[in-house]
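Below are the chains, spelled out letter by letter.
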Amino acid sequence: MKRRVTTTALAAVALAALAVTTACSSSSTSAVGKGSTTPNGAPAFGEGITTTVNPSSVSSNGTITMDDHNTPDSFDGGNTYYAWVLDFTHLYELPMFVYKSCPGLCGDTLVPGLAADMGTVSDNGLTWTFHIQPDVKFENGTVVTAADVKYAIERTYDRSVLANGPTYYQALLTDPTYPGPYKDRAKNLMGLTAIDVPNNTTLVFHLQAPFPDLPYVLAFPSSAPVPPASDTGSNYQLHPMSTGPYMFQSYQLNKQLVLVKNPNWNASTDPNAKQLVNKIIVNLNVNQSDIDNRLIAGDIDADVYGVGMATAGGAKVLASSTLKANADDAINGFARFAYLDTQVAPMNNLHCREAVEYAVNKTAVQDAWGGAFEGGAIASTVMPPTVIGYKQFDYYKALSMPGGDTADAKTQLAACGKPNGFNTSLAYRSDQPDETAAATAIQASLAQVGIKVTLRGYPTGNYYTDFAGDPAYMAKNSISMAMGGWGADWPNGYGFLDELSNGNSIASTGNTNISMLNDPVINNLFKSSGTLSGAARTAVWSEVDQQIMKDAAIVPGVYQKALLYRNPDLTNVYVQQAYGMYNYAVLGLKS
Amino acid sequence: MIFFIIRRLVMTVFLLLLVSLITFAIFFLVPRLAGQTAYQLAAEYVGRNPVPSEIHQMEAKLGLNAPLWLQYGRYIKGIVVGVHYNSGTSTSFCPFPCFGYSFRNQEPVWPQMMSDAPVTLSIAIGAAVLWVVGGVSVGVLSALRKGTLFDRFSMGVALAGVSLPIFFTGLIALELFSYKWPIFPNVHYVGITQNPLSWASNLVLPWVATAFLYSALYARITRAGMLETMGEDYIRTARAKGLPERRVIGKHALRATLTPLVTIFGMDLGLLLGGAILTEVTFSMQGLGAFTIQAINNQDLPEIMGVVMLASFFIVLANMVVDILYTVIDPRVRIV
Chain A
1 MKRRVTTTAL AAVALAALAV TTACSSSSTS AVGKGSTTPN GAPAFGEGIT
51 TTVNPSSVSS NGTITMDDHN TPDSFDGGNT YYAWVLDFTH LYELPMFVYK
101 SCPGLCGDTL VPGLAADMGT VSDNGLTWTF HIQPDVKFEN GTVVTAADVK
151 YAIERTYDRS VLANGPTYYQ ALLTDPTYPG PYKDRAKNLM GLTAIDVPNN
201 TTLVFHLQAP FPDLPYVLAF PSSAPVPPAS DTGSNYQLHP MSTGPYMFQS
251 YQLNKQLVLV KNPNWNASTD PNAKQLVNKI IVNLNVNQSD IDNRLIAGDI
301 DADVYGVGMA TAGGAKVLAS STLKANADDA INGFARFAYL DTQVAPMNNL
351 HCREAVEYAV NKTAVQDAWG GAFEGGAIAS TVMPPTVIGY KQFDYYKALS
401 MPGGDTADAK TQLAACGKPN GFNTSLAYRS DQPDETAAAT AIQASLAQVG
451 IKVTLRGYPT GNYYTDFAGD PAYMAKNSIS MAMGGWGADW PNGYGFLDEL
501 SNGNSIASTG NTNISMLNDP VINNLFKSSG TLSGAARTAV WSEVDQQIMK
551 DAAIVPGVYQ KALLYRNPDL TNVYVQQAYG MYNYAVLGLK S
Chain B
1 MIFFIIRRLV MTVFLLLLVS LITFAIFFLV PRLAGQTAYQ LAAEYVGRNP
51 VPSEIHQMEA KLGLNAPLWL QYGRYIKGIV VGVHYNSGTS TSFCPFPCFG
101 YSFRNQEPVW PQMMSDAPVT LSIAIGAAVL WVVGGVSVGV LSALRKGTLF
151 DRFSMGVALA GVSLPIFFTG LIALELFSYK WPIFPNVHYV GITQNPLSWA
201 SNLVLPWVAT AFLYSALYAR ITRAGMLETM GEDYIRTARA KGLPERRVIG
251 KHALRATLTP LVTIFGMDLG LLLGGAILTE VTFSMQGLGA FTIQAINNQD
301 LPEIMGVVML ASFFIVLANM VVDILYTVID PRVRIV
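Protein sequence lines correspond, in order, to chains A and B.
In terms of our numbering, the first sequence opens at residue 1 and continues consecutively.
In terms of our numbering, the second sequence opens at residue 1 and continues consecutively.
None of these hints come from the bench; they were simulated from the model.
Incorrect hints may have been included.
As the list claims (entries may be wrong) - Straight-line alpha carbon distances no greater than 16 Å define the calculated EDC-like cross-link-like pairs of lysine to aspartate or glutamate that follow:
hint, chain 1, residue 1, chain 2, residue 2
1, A, K397, A, D408
2, A, K316, B, E107
3, A, K550, A, D569
4, B, K251, B, E232
5, A, K255, A, D73
6, A, K187, A, D175
7, A, K255, B, E107
8, B, K180, A, D175
9, A, K550, A, D519
Full structure from sequences and hints, please.
The structure is reproduced here in structure tokens:
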């Protein structure tokens, strides 16, 4: 009989969790964490980044109201990829794993959610076994079984029905051609051979290759259980079956969502969520300026989209000491940068790329993104500091000479055979004012060294599918640079860097490795990470980051920040580092 | 009159078909002529990192792999006859008038539009009442008090009204009356059947911001028309006959001015009913205008088709009503 042991791969996740927990041990003694205030008891600017503001376990009969300037791609956990929805779904869906509800670096820690433990993995890393808690219920009182989790994962395979969510299962698990349970339901329902369900509380996953980060993939809400009988396919977004502290009362598509308490939720099964208010209302499609002003006026409790106030609202807050004390300027885990396409001349020459790295005026780019408060911190690496594995380095003097280093840029231009500069094009999303300004700043700074940049603007909607993310289009139109931004799918180096730099991730459309980087050094680092664990594995990510910069494939812009405003009446407010915004699953009200 | 209405309704159907054909050509044919393939279009609706088989599946599901003439035919047939839709676990039927299913959220377009229409109707009709009453009143008074301080002041304000866009006046109104002095706090749409008082109080600022722009225009047109008419011989005759001044102005002078006013009113109201885009976005009210913006941002072609056709219908309907009103205003006009 084969003995299943806790392998090094399992230890990778556990040790990473331990390392992060140790790093923030002073700030977290409970799932919520200790609060901290200024000496006179009032919160201060930035308190919510490292501590819990207004910690409380007191329930109120109140209603939390949040506004969104947009609409979600879907409230169906199996059909969403928006960062705020991944955070928000914890209010009504319990995936296999969740991020520990605590402020600071602690918030990157993966802990069991529906799972009873962190799981076990076979010696060869190809088989993972998980057990779920036996007493979690849906909102209708039905007990959750392992089959419900398997079905939740199965339904994500049919992208003609559920198009929006991540596709890691198809890439990682055996049986990648499984068509999903919607076509020929009699045959395909529960037919995914990559997942076995030997009993009501056990799931066995079969992988194509070792992948230590599988628990991170299971932290997506797509692993939250879905009872097959309740599934309505593309309509499930209108009322998902809740396993969280709240459940849907009503959802007017693209207008308003109302959540009420789930009577069949048991707090002991999910210590990382709380049920402290009677109702939560989310208003959609609200003008951003209106949201900011309503927040300041106290009419609403949070901007649920979580990427910060607009310029005007932010200026009001920062100009008032009272309002500023209710704000947090958190690094939200996103990075803004410019890709340099290594396949399009003249960027197919390393020295030409290095010239660009030196020449770009990082301060001007930071200003374009909103300055130090609302834009972000000047970046010298691809990975932001909030990602596990980050190490600081600065190959191109982004921090020591943020205005640009024209001398070194000209040296590199001479080395690439273009001492007087060259002409090229830069793609950007023209309907995004900040990105437009950043592209213009890059254009202006490169002109100082003779690099003439033509700006090519495209709509956001098909920027990745038809333009910047279409390698053939980029090559055909000699566009060697493209603006970009990225947030990690999970907060370690793999989650952040894989799609940006792994040669395997180059795609003919929707390409996110826009630099067309296919460096064997980087590819091998990713490949080897599958067999490493703990600190050795974590160290790989910085090596990848450094190699990307040695290849000069990406020009870092800013580690993006979000100026978040918290209504003073909210309790348990802090930035959940894994999402870069407030943790919506623990919020309460003072009254 | 009945035959006129029937004739116009039949023409409306043909006109809407023409509008649908042009809209379809703009959003489906022109990109094809520019080199976009059905595969590329389908890829926009499959989310991130799609593999070719998934894109082909979406192509088939959205019908994008059919010839364009067939896609258009199916779309029109769907409007008239209805269409079946598979949500994955069940098949539902979308009856007439079915404007298809959203490429993005896969929900039927018509119910979404009908859900948003009351917001637009509320804004448009309320603002229309305000701008007609306000604009015409100010225009008449200005004409009667030509050259006075009132005339100069009101025309100055009218100039400002015409020049200032709604998103400016609206934001100023919100800043003053919603945030700074919360006379109308937390402006949002409330259905009239839910709470009539709240419905009205939440619409005051959108009505005033919208009406300010239009009433300025109507005031200037009314004033110009009244000044021209007041110099006519029949007005002098009416006064000479001893008619009360109120009757001279209301029944004789103003009536002659109404024809151009009714004409532009029909166009203005028709356009607004199709979506008061700026007002809805400024005041965060999800009406047909906001729906249009989202449809365009999401490149949701069925939604774009649906809202364009609905807006066209309102414009055509408004023009028909205007033509009927002409016969009431001016007895010399007869419907042929």
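Ascending list of hint numbers which this structure does not respect | 2, 3 and 8
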